[in-house]
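Residue numbers (my numbering), protein chains in the order written: chain S, 1 to 205; chain Z, 1 to 205.
FYI, nobody ran anything at the bench for these hints, they're computed from the structure.
A portion of the hints provided could be inaccurate.
Treat identical chains as interchangeable: a pair holds within one or across any two.
Lysine-lysine pairs mimicking BS3-like chemistry, simulated, CA-CA at most 25 Å apart [as the list claims (entries may be wrong)]:
#: 1; residue 1: 23; residue 2: 160
#: 2; residue 1: 196; residue 2: 35
#: 3; residue 1: 32; residue 2: 161
#: 4; residue 1: 23; residue 2: 35
#: 5; residue 1: 32; residue 2: 50
#: 6; residue 1: 32; residue 2: 139
#: 7; residue 1: 50; residue 2: 37
2 protein chains.
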Amino acid sequence: MEYPTTLIENAVNEISKLPGIGKKSALRVVLKLLKEKPEFTDDLAEALIKLRSETKYCRICHMINDTEDCTCMTPKRDTSVICVVEDTPDIMAIQHTAQYNGLFHVLGGLISPIDGIGPEDLNIQSLIDRIQHADYNVKEIILALSTNMEGDTTAFYLAKKLKPFDLKITTIARGIPIGGELEFADEITLGRSIVKRVNYDLNAD
Amino acid sequence: MEYPTTLIENAVNEISKLPGIGKKSALRVVLKLLKEKPEFTDDLAEALIKLRSETKYCRICHMINDTEDCTCMTPKRDTSVICVVEDTPDIMAIQHTAQYNGLFHVLGGLISPIDGIGPEDLNIQSLIDRIQHADYNVKEIILALSTNMEGDTTAFYLAKKLKPFDLKITTIARGIPIGGELEFADEITLGRSIVKRVNYDLNAD
């Protein structure tokens, strides 16, 4: 596509590097910016720069934070359980369920030899430090990772690595989603949910 | 939705003001920016700021341009015809067809009383100046505006306003799109295309 000016072309190229935004959407964004007052663009650019330059990560749980000391160690939460996740959006999703009151630990990725990401690139040593730290008294590690090759590999690696410690290691339940209809469930999930069936609990809420 | 930090919240709010980007897509953009090197964000922000602050508009045709003197008056183009459009994307679309070699004139909007946009907010006087300018020798004005209430109102206003001048005033052809199937055409377009039928041209290309 030919653009009227190089300024527009540059902006379209930069914007279309973002996830979910193609060249056409990028051009719509550009025309919107040109239509609005200059402050509109200034505010946007400032928010992006500030986001990138001032965002901190907690030294303990590696969660995205405004400061380096996050609220992950507040006494309000159950400090004996750590839920291990890939990245911050997973924490947001779990927090949203209001079903979990323990701590989190962000790995910052998953083991993926194809992308050149090994265990040493993830926040695994700091997880072990937390487990070994006498003050924290960690009793359970929940592995809440994606069910794909990378997630399974990482879970397996962590489970082996954490075996020497006196810990309960669990993983989030896999099965048919609630409200999901059996006939539309994928074969692998359905097959696994039969093999890993659980006792019916009359008292379940 | 609750965001882990105010920096993320601000960035999501600013990004989701852009057309076609909701809060969820904005969060994906934010996480991408946080994952990439700081230069990625710097380049993006710089392109946006430069776009907004350095983009110029041609003094004659009001087209977006890198300078205030655009190429609209090059002798390569037919200077006796001016195609009047709402905004720059329309020019890009018409240029893309390679079927038009005349000049353009950007109105910068359409008459829309509901949005408080009157004829005085559009580049209409400068169009009349072009028509009256002896050097330009304008012979035809093509009204290439959208077929909605605002477009029709603006076309009607312009046609009346330009009547006193010795000009051919035309509008782009309306009808069934080429390749469009009759049974799926909307009633109004189909009805109008029958009423405004044209002689079959055996020599048409």
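Cross-check of the supplied hints:
1. 23 with 160: Neither: 45 Å inside a chain and 39 Å across chains, both beyond 25 Å.
2. 196 with 35: Intra 58 Å, inter 36 Å, cutoff 25 Å: neither.
3. 32 with 161: neither (52 Å within a copy, 30 Å between copies)
4. 23 with 35: Both ways: residue 23 and residue 35 sit 18 Å apart in one copy and 22 Å across, limit 25 Å.
5. 32 with 50: both (22 Å within a copy, 15 Å between copies)
6. 32 with 139: neither (53 Å within a copy, 34 Å between copies)
7. 50 with 37: both (21 Å within a copy, 14 Å between copies)
Taken one by one, the earlier hints fail for this structure at numbers 1, 2, 3, 6, listed in ascending order.
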